[in-house]
Amino acid sequence: MSDEQGLYYQQGVPLPETPAPGDPPQPWGKTNVVGQKQRRVDAYERVSGTAVYPSDIVLPRMLYGAVLRCPYPHARIAKIDTSAAEKLPGVHAVITGQTAAADLDWRYRDGRQTKIFDPHCRFEGEAVAAVAAESPYQARSAIQAIAVTYEQLPFVSDERDAVVDGAPAVHDPGNLAGEPEKYERGDVADGFAAADVVLENSYRTEAELHTPLERHGCVASWDGRDLTIWESTQGAHVVQLQVAGYLGLPTSRVRVIGNYVGGGFGSKLGPGKYTLIAALLAAHTARPVKLFLSREETLLCCGNRPANNMTIKAGVKRDGTLTALELTGSGSGGAYSGRGVGLLDWLVKDLYNCPNVRTELVNIYLHAGPARPMRGPGHPQGAWALEQMIDELAEAIGIDPVQLRLKNIPTVSQARDGNPPYTVTGLKECLTDGANEFGWTEARTRSAAARTDTGHLKRGAGMAAGTWVAGAGGPPSTIVVKLMRDGSVSLNMGAADLGTGTKTVMAMVVAEELGVDPDQIQIENADTGTTHFTYPSGGSKTVPSDAPAVRDAAIKVKQQLLAMAAEDLAVDEADLRYLGQEIVSQRDADKRVAITDIGGLRRRFSVVGVGYRGPNIEGKAICPFAAQFCEVEVNTRTGEVKVLRFVGAHDSGRVMCRTTYDNQVYGGITMGIGLGMTEARILDRGQTGKLCNRSWGDYKIPTALDVPADITSLPIEIDDPQCNTTGAKGLGEPVTIPTAAAIANAVYDACGVRVTGTPITPVQLSRLLAEAAASGDRSPEQRQEG
Amino acid sequence: MTANFSYLKAESLDEAVRHLGENGARLHAGGTDLLGCLRDDVFRSAKVVSISGLDRLRGIREIGRSQRGGGLGIGALVTIAEVAEDRRIREGYTALAQAASVVASPQLRNQGTLGGNLCQKPRCWYYRGDFACLRKGGDDCFAVAGQNQYHCIFGGDACVYVHPSDCAPALVALGATVGIKSRRDDRSLPLSEFYILPEDDPTRETTLRPDEIVTEIMLPKPSANTRSSYRKVRVRGAWDFALVGVALNLTFAGSGSDSGGGGKIERARVVLSGVAPVPWQAREAEQILEGKRLDTATASAAARAATAGADVLAHNGYKVPLLQGLVEEELLKLAG
Ligand SMILES: Cc1cc2nc3c(=O)[nH]c(=O)nc-3n(C[C@H](O)[C@H](O)[C@H](O)COP(=O)(O)OP(=O)(O)OC[C@H]3O[C@@H](n4cnc5c(N)ncnc54)[C@H](O)[C@@H]3O)c2cc1C
Ligand code: SF4
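These protein sequences, in sequence, are chains A and B. Read in order, the letters of the first sequence correspond to residues 1 to 786 in the numbering used here. Read in order, the letters of the second sequence correspond to residues 1 to 336 in the numbering used here.
It should be emphasised that the hints constitute simulated quantities derived from the structure, not laboratory data. Fair warning: this is a prediction, and the values are worked out from it, not measured in the lab. Any given hint could be a false lead.
[Said to hold, decoys possible] Using 30 angstroms as the maximum straight-line C-alpha spacing, the simulated BS3-like pairs for lysine-lysine come out as follows:
hint : chain 1 : residue 1 : chain 2 : residue 2
1    : A       : Lys115    : A       : Lys87
2    : A       : Lys482    : A       : Lys30
3    : A       : Lys317    : A       : Lys407
4    : B       : Lys136    : A       : Lys79
5    : B       : Lys292    : B       : Lys264
6    : B       : Lys47     : A       : Lys87
7    : B       : Lys221    : B       : Lys264
8    : B       : Lys333    : A       : Lys642
9    : B       : Lys47     : B       : Lys9
[As the list claims (entries may be wrong)] Between beta-carbon pairs, the in silico distance windows are:
hint : chain 1 : residue 1 : chain 2 : residue 2 : range
10   : A       : Thr445    : B       : Asp201    : 54 to 64 angstroms
11   : A       : Arg160    : B       : Lys47     : 24 to 34 angstroms
12   : A       : Thr50     : B       : Thr203    : 31 to 41 angstroms
[To be verified] Stretch by stretch, here's where chain A covers chain B in the computed footprint (C-beta under 8 angstroms, at least three residues):
hint : segment
13   : 163-170
14   : 278-290
Quick reminder that beta carbons are idealized off the backbone N, C-alpha and C, glycines included.
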């Protein structure tokens with residue numbers, strides 16, 4: 001065994017069996033690397049600043065792009081005069097809709113076709129013109145020197161104003177984006193009739209804006225007919241496909257590199273207009289062009305989680321059986337509203353056993369920035385409504401909220417055609433184990449006992465549950481694992497690592513199979529020039545989609561090594577075991593060969609395993625489940641709320657890396673605190689329609705001081721051999737789904753005020769507390785038990 | 001985007017005021033507010049005059065008894081962090097230390113100066129955004145009919161912004177005066193007279209003339225049996241301005257609030273933040289407090305009086321109950 005090899009391989013670690021070629025791998029039993037804590041494989045690079053993100057790229061002769069954006073929510077461009085801008089020092093190109101090469105079509109996520117520079121601007125921040133100049137400052141100055149005559153048009157900037165008579169239409173014929181989305185099973189009228197208690201309440205979540213640390217943008221550079229784009233993206237391969245489509249290029253001629261990306265949260269699943277604008281400017285000037293947007297621009301036009309209005313009517317029997325659920329909801333994904341209400345009803349349809357369910361969702365157009373998916377689209381909003389309603393029902397029938405949920409655990413996915421059973425429904429364990437870990441009963445007993453106290457600091461405990469529609473992952477994913485002659489290994493995968501730890505998890509999978517040290521694996525990822533198609537890292541699908549393909553690729557390497565070793569040792573392949581650093585005969589322990597001595601490897605210099613993601617099991621639903629518990633303290637004089645602690649209990653199948661798993665739980669809860677307590681897009685409704693909070697000062701994401709230090713991540717690990725060959729389901733989105741609702745329920749438990757609209761700030765709560773105190777009957781100090 | 005400007009780092013106060021007298025000149029201290037305004041094109045500057053090299057504006061000095069009874073002089077360039085940490089301020093002028101410690105974020109507190117904090121520009125989002133509002137020389141106030149959840153309930157007129165400083169209300173409550181230098185002369189005035197209400201001039205926040213520099217903030221020696229505090233309520237735990245805030249400075253008779261014969265409040269200062277275009281002195285609350293013992297009934301009556309005369313806008317009505325709750329809570333804390 002050579003010396004170098006010792007550097008790469010872990011010592012004395014048992015490895016899984018290698019299946020015979022063509023046979024499916026057995027589920028892992030006990031794992032040795034997978035599931036452990038593991039420092040990120042790129043921790044040093046990220047922390048030290050040596051990691052080169054797309055926004056760090058600087059190329060020789062590179063110019064800087066900037067985009068002129070419409071300052072009005074609705075306007076038509078009457079005239080553009082670029083002559084002054086063109087004369088400014090350092091300016092190399094000014095392009096508008098009139099520039100021949102810039103006359104490109106653009107499709108927003110709802111499929112509506114517009115132009116890259118469309119004369120009809122339907123939201124503030126729509127692209128009007130662009131420049132390339134030698135410095136970012138010159139580019140900005142040039143933008144300001146472009147004279148545009150706008151014809152301002154009537155606008156509507158709140159979905160509640162958009163569907164009333166006389167509201168200005170965003171598109172012909174009006175502001176309803178298609179027919180309402182309807183769903184029905186059973187008969188809700190029967191269900192309500194069978195109920196002992198029927199409640200109805202309305203809820204609202206405010207729009208949130210995507211604020212990934214790395215802003216949206218790219219660097220574009222042409223080399224003859226080949227275009228290379230360094231893009232901050234969740235999905236290099238989808239950016240490649242779409243850019244090639246827009247520009248009419250063969251896919252092979254577009255290379256997209258995005259191996260580091262500073263977050264996306266769903267707002268970087270495809271290219272932006274900025275991607276194409278950079279490519280156009282680069283073509284126009286024959287120089288590389290860097291175009292990264294300012295924070296304001298990203299807040300205006302790079303996505304949002306739509307605001308949603310929801311009314312739920314629910315029926316329950318005294319014993320806790322749900323008899324009917326009805327949800328009507330509305331929302332707007334902005335001027336190009338693909339998914340203003342997308343998946344808003346999923347939890348109502350699928351989280352609890354309920355025979356009679358009806359939902360109706362209305363998607364509305366608005367003169368505001370187009371929505372993009374945000375971490376668990378529709379779900380945290382749906383949970384905000386449903387999970388508060390479940391608590392209201394529990395109070396009405398005098399049963400503990402956890403118990404009520406336990407009464408209604410589904411085993412099949414009722415919202416899917418054919419009601420397929422889940423491979424595993426971990427909801428029950430999330431609820432019971434999570435409640436235990438949290439000390440639920442004690443906490444609720446304490447808050448109930450404290451209800452009659454006269455103090456103004458009130459504690460309360462609340463919880464909420466959730467599931468996530470996706471999270472099963474699936475094909476395609478193609479992975480290459482390469483073993484070099486010295487025993488070192490490289491992993492080649494298409495997926496981006498958004499900061500979630502994808503690279504680390506995948507390295508651990510390779511390590512588990514090959515026995516190498518995960519830290520020693522070289523990783524090439526998210527570069528369409530060198531890696532293979534996979535869908536963007538989104539939908540909590542990356543681990544369940546790509547990890548099985550990584551495992552497959554590693555196994556393929558082992559199989560080839562075993563075949564080569566069988567030749568060297570003149571034994572039957574089936575008799576050999578791959579032990580990491582060497583291959584040994586089971587019958588005759590003297591017959592062994594170090595990996596680096598295998599003849600085939602020495603002659604070829606490398607062995608390449610190509611792994612694929614196989615299909616998911618048929619007739620089953622594969623979904624993650626979640627329950628979160630929290631304790632809050634409400635200052636009933638001021639409406640200030642402190643989140644004291646959180647427990648996140650998550651069934652996401654196998655824990656792949658305990659460190660990054662826990663980080664997802666902390667991060668998801670942090671983001672949920674944002675939805676529940678601090679964030680709201682504020683448009684100047686009824687006046688100018690413009691965005692009021694257009695900076696990180698005014699658009700308030702939580703700070704470290706708003707997130708409790710005491711967060712417990714409790715993995716609910718139930719063997720799920722059917723879900724895929726690694727047993728892992730999605731985690732990244734379920735972790736933020738129940739959070740805001742759990743806080744609202746805890747606030748209610750603390751002070752008796754049910755806050756139906758996000759965010760729960762003193763702005764809202766001080767008023768609600770004062771109203772409650774004035775109306776007397778449910779004043780916080782003298783609330784009766786339900 | 002920032003328009004071009006020239007930059008001068010002044011070597012003496014005289015040089016600074018001379019250049020500040022030029023048209024379009026702007027004073028630069030820590031730059032945390034000024035540079036944001038220039039970058040966002042809130043206003044422009046032809047010449048940025050930095051006083052950051054003027055070390056004589058940096059220290060905190062004890063003023064001897066011979067001068068107006070003594071006290072503390074804080075140079076305009078003393079950073080917010082230094083104010084928050086200074087032992088003399090923490091012990092003698094608790095309200096100021098508490099106010100400084102809840103300003104912005106650690107980075108901004110390290111860079112921002114006390115002088116700059118007092119002279120900072122409004123945070124109204126219309127003012128900071130691309131709206132040609134009244135305060136920027138336009139015709140209208142956008143907040144009156146717009147998104148005014150963070151706007152004023154007192155002292156508003158044609159402009160309804162709230163003064164963003166946390167230090168200013170604490171300093172007003174502590175009876176601070178500001179020392180000012182210009183080309184012509186030196187002057188000083190009580191901080192309570194430093195700020196301008198929109199009814200007097202909706203385009204200026206302070207009485208400072210362009211060529212004037214705040215050089216020092218002077219605090220009188222606290223009398224015995226004085227307690228002070230500052231607290232603000234905000235949406236998030238850091239890096240956030242006050243929704244409402246209150247600075248208290250109470251002088252008790254005798255030996256404390258809770259003992260036999262003494263304990264009555266002799267003198268009360270209740271100064272509010274987040275509710276008016278200037279640090280807002282709640283005189284009715286002060287009147288209720290003075291001469292009384294600080295018990296729950298007094299605290300609650302004073303809290304109610306603190307919002308007397310509030311004139312709420314469409315979206316900021318919450319400030320009334322919020323302020324009452326906050327004032328009550330803070331008064332009771334000072335009762336010990
Ligand atoms: C994101 C953010 C959050 C913030 N949060 C808070 C908060 O919660 N509470 C709070 O109180 N403040 C807050 N601030 C304001 C911050 O405290 C001020 O920006 C800082 O104190 C200003 O000091 P500076 O030295 O940087 O001033 P500069 O930016 O240099 O100057 C600010 C203004 O004052 C003028 N000026 C400065 N010094 C003098 C002087 N000596 N004489 C005359 N004029 C002068 C300048 O011309 C300029 O107009 C926040 C600021 C930011 C950017
Ligand atoms: S409140 Fe004052 S600063 Fe704000 S928009 Fe009105 S005039 Fe301008």
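Original post:
Checking against the hints above, which ones are violated?
Top reply: Hints 11, 12, 13 and 14 contradicted; others consistent.
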